[in-house]
Amino acid sequence: MGVQYIIDALTVGGLYALLAVGLAMTFGVARLINLAQGELIMVSAYTIYLFAPELWYLAIPAAVCVSVLFALLMSWMPFSFLRGADETTLLVASFGVSLALQGVAVAIFGSRPKGTGFGSDVSSSVEILGLSVSLLALITFGVVLLMLLLLTFFLRNTAAGVWIRASAEDYVMAQMLGVRAQRVVTMSFVISGVIAALTGILLTARSGSVMPEMGVQPLLLGLVAVVLGGLRSLPGAAAGGFLLGGLTVALTVLLPPGIAVYRDAILFTIVILVLLVRPGGIFVRSSALERV
Amino acid sequence: MSINISARLRAVLVAAWTPGVLLVGVALAALLLSLVPKLAGDVVQGLIMVTLVVAIYIFVGNSGVISFGHAAFIAVGAYLGGILAIPPMQRAFLVPGLPDWLKSFAPGLWPTVMIAAIVAAVVGYIVALPLARLGGMAAAVATLALLMISQVVLVHWDVLSKGGGTISGIPVDVTVPIALVGAAAVIVAAWLFQRSPTGVRLRASRDDQVAARSVGVKVSRERRRAFALSAAASAVGGALYVHTVGVLTPSDYYLSLGFIILASLVIGGMGSLTGAVVGGALLAVLDVGMRRIQVSGGIGPWEFAVPNGIATVIIAAVLVFVLIRRPAGIMRGREISAPGWLSTPTSIRPDGLGAEAPSIQEAPVETKESLSNV
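The listed protein sequences correspond, in order, to chains A and B.
The first sequence runs 1 to 292 under my numbering.
The second sequence runs 293 to 666 under my numbering.
It should be emphasised that the hints constitute simulated quantities derived from the structure, not laboratory data.
Every value quoted in this text rests on a predicted model; they were computed, and no experiment measured them.
One thing to keep in mind: the hints can contain errors.
To be verified - Each computed SDA-like pair below joins lysine to any residue, with the alpha-carbon atoms no more than 20 Å apart: (1) B:Lys395 to B:Val468; (2) A:Lys114 to A:Ser80; (3) A:Lys114 to A:Glu54; (4) B:Lys510 to A:Pro279; (5) B:Lys330 to B:Val313; (6) B:Lys330 to B:Val468; (7) A:Lys114 to B:Pro599; (8) B:Lys330 to B:Gly581; (9) B:Lys510 to A:Leu276; (10) B:Lys330 to B:Val537; (11) B:Lys330 to B:Gln586; (12) A:Lys114 to B:Asn600.
What the hints assert, rightly or not - Which residues of chain A face chain B? A few of them, derived with a C-beta cut under 8 Å, are: (13) Gly2; (14) Phe81; (15) Leu82; (16) Ala93; (17) Ala100; (18) Val104; (19) Val106; (20) Gly115; (21) Leu149; (22) Leu150; (23) Leu151; (24) Val216; (25) Val227; (26) Val271.
What the hints assert, rightly or not - In silico negatives: residues of chain A with every beta carbon more than 12 Å from chain B: (27) Ile60; (28) Phe242; (29) Thr269.
Built from N, CA and C at the ideal position, the CB exists for glycine as well.
Isolated chain A, as found in the complex (with noise of 0.2 Å):
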């Protein structure tokens, strides 16, 4: 029984640590929390939608591509108008955009839930070491353990990655010394994106229907791990979410029945107390942040 909630607390904290690096890489790069990469997530869900089940081995990296499109339009429309704007500004502006696509959304499917069919392929379970696990749970954690790998590895190793860490550390100082400011920001751009798609994917999986606000609860989720991991450090990020989601999970099981309904509300008490404590992030150092 431990085991299980283990693997529970790894794949919904996995993704949730997805989504966190996702907003915290156009943080980093652009100042911007890009409340529209919860429908970056919806469109991908919805071009699984067009393809599965049928056709799933096609779905998947059509599902990247128009993520990724529309990530790109995005960095043109409205970002690349806005540079220089306040995080506020930012923050808002995101959320126009979020709307807008839930409304495009809407207007072509219609609200309500759609079907796909997608993932039941590996809702079954398999015997590990004598452990019933679900196959899609094994995926998600290796999906998640992918992605979080190729990315430090692209972040440490290229020098592409290096520009993005650069203009995440210092943006003025890293275009001072010749890093390209708008390839660094469409960049980050794609990346998140590519992360928005997979975490789509995975999510229709698990849920195998979609709906036009479907990228709106994790996304939220998503900006709470950031924001309790640290928004300035990819890693406090990625550690943000599987902390959420351990949390999630230890709470399902050790409250009472009585008040398990209120589990979120304990859950988001714990997260306002962990932020009085480390208002700049639990995994950040608090020599990196602004004193008064």
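Based on the hints, put chain B in the right spot on chain A.
Same frame as chain A, but now just chain B:
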């Protein structure tokens, strides 16, 4: 021609100019629009929209700290206002979980609104005791967490309902004058607050927190006060809003409301009361206009079919377009200030008229030139 106004009257006029113009503008627009048949209900909703945006402005605008959580206080107002407005005869049946003393308590509209405001202020102050220490994204996420907590409580608290949190049977009886009084009260409160010592200190901390702290501003304390007042004003809006829909539904007071009022404030320009009113009015016009088009399938003689969702797209497109044109909001943090002839004292002008006012600013330059000539 010279206008003789006593210095005292002039001071009063200058001080009251911004809220005065805003109140007259809002009232005129509301009353004129409500002359149009069948538009009264929309005008009430629009006025409440303005009320809610001004309410969030009291905290967010003055402190510069984002809050997603104000929908929670709107909910406090709506639930209190809604439940107390249900006639006692039906209340025991519609809200069976209520304690006995609340089952028969029916103070009437305005006392109910006052109670809602006071309760929200107390809750807001208590919540702000810890939250006021946070700024930036930490504050945004903490208030988002607050909103999520409030939603769980509304849905699951069995005092309110047996599951789902939906309560019906609230009389739909708020008229344009009532909504106008609510909006006016909140606008005046917001103006008095931003001119008060607390408001000025808070705005100083918004503009430069380090500098404000260094001259002794206790930022958390000022934020707590603003948060409490802002929560109270939000509850006033909520207590009136519930009368326009007649049903209490938890999801009405969740993310979309929390985001849309914040977005309206930023669109209007979050640094000024005028910006808040303009943002609220713009949202009201867009929202009501789109709903009209969607319901009736056209404007006046033009008929066209609008698929669901397109209204949202248009509203969102306008929001984004305004932000691109004006990243700091429509008003860019400015107020409608009193005209020059009123705000500059007559005594220092040669003829007491505004046309000569610029000469006061030019005077030093002339002196400088004449000095250099010598």
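To see whether the hints hold, each was checked on the structure:
The hinted pair formed by lysine 395 (chain B) and valine 468 (chain B) fails the criterion: a straight-line CA distance of about 29 Å is larger than 20 Å. For the proposed pair lysine 114 (chain A) and serine 80 (chain A), the alpha carbon gap of about 34 Å is over 20 Å, so the pair is violated. Restraint check: the Cα-Cα separation between lysine 114 (chain A) and glutamate 54 (chain A) comes to about 16 Å, which is no more than 20 Å; the hinted pair holds. Taking the CA atoms of lysine 510 (chain B) and proline 279 (chain A), the gap is near 18 Å; set against the 20 Å cutoff, the hint holds.
This hinted pair does not check out: lysine 330 (chain B) and valine 313 (chain B) have alpha carbons roughly 27 Å apart, beyond 20 Å. The suggested pairing of lysine 330 (chain B) with valine 468 (chain B) holds, with an alpha-carbon distance near 12 Å, which does not exceed 20 Å. Between lysine 114 (chain A) and proline 599 (chain B) the alpha-carbon distance is near 18 Å, which keeps this suggested pair within the 20 Å criterion. At roughly 13 Å between alpha-carbon atoms, lysine 330 (chain B) and glycine 581 (chain B) fall within 20 Å of each other, so this suggested pair holds.
Restraint check for lysine 510 (chain B) and leucine 276 (chain A): the C-alpha separation of about 17 Å stays at or below 20 Å, so the hint holds. About 16 Å separates the Cα atoms of lysine 330 (chain B) and valine 537 (chain B), which keeps this hinted pair within 20 Å; it holds. A distance of roughly 16 Å separates the Cα atoms of lysine 330 (chain B) and glutamine 586 (chain B); the hinted pair therefore holds under the 20 Å criterion. Straight-line distance between C-alpha atoms of lysine 114 (chain A) and asparagine 600 (chain B) comes to about 17 Å, which keeps the hinted pair within the 20 Å bound.
About 27 Å separates the beta-carbon of glycine 2 (chain A) from the nearest beta-carbon of chain B, more than 8 Å, and the hint is not met. A hinted interface residue such as phenylalanine 81 (chain A) counts as satisfied when its beta carbon comes closer than 8 Å to some beta carbon of chain B; here the least separation is about 5 Å, so the hint holds. A distance limit of 8 Å between C-beta atoms decides the matter here; for leucine 82 (chain A) the minimum to chain B is near 6 Å, and the interface restraint holds. At a threshold of 8 Å, the smallest CB-CB gap from alanine 93 (chain A) to chain B is about 5 Å, leaving the interface hint in force.
Using the Cβ-Cβ criterion of 8 Å, the hint placing alanine 100 (chain A) at the interface with chain B is satisfied: the shortest such distance is roughly 4 Å. Taken as an interface hint, valine 104 (chain A) checks out: its beta carbon lies about 6 Å from the nearest beta carbon of chain B, inside 8 Å. The restraint placing valine 106 (chain A) at the interface with chain B holds, with a minimum CB-CB distance near 3 Å, inside the 8 Å limit. At a threshold of 8 Å, the smallest CB-CB gap from glycine 115 (chain A) to chain B is about 20 Å, leaving the interface hint violated.
The interface hint given for leucine 149 (chain A) is broken, as the beta carbon of that residue sits about 27 Å from the closest beta carbon of chain B, more than 8 Å. Because the beta carbon of leucine 150 (chain A) sits about 27 Å from the nearest beta carbon in chain B, more than 8 Å, this interface hint is broken. Against a cut-off of 8 Å between C-beta atoms, the interface hint on leucine 151 (chain A) is violated, since the closest Cβ of chain B lies about 22 Å away. Among the interface hints, the one on valine 216 (chain A) holds; its C-beta lies about 7 Å from the nearest C-beta in chain B, closer than the 8 Å criterion.
At about 4 Å, the closest approach between the beta carbon of valine 227 (chain A) and any beta carbon in chain B falls short of 8 Å, and the interface hint on this residue holds. Hint on valine 271 (chain A) holds. Least Cβ distance to chain B is approximately 5 Å, under the 8 Å limit. Isoleucine 60 (chain A), annotated as away from the interface, keeps every beta carbon of chain B farther than 12 Å; the closest lies near 27 Å. With a closest Cβ-Cβ approach of about 17 Å to chain B, phenylalanine 242 (chain A) is found to remain outside the 12 Å limit, as its non-interface label requires.
Listed as outside the interface, threonine 269 (chain A) is inconsistent with that label: its C-beta sits roughly 6 Å from the nearest C-beta of chain B, within the 12 Å cut-off.
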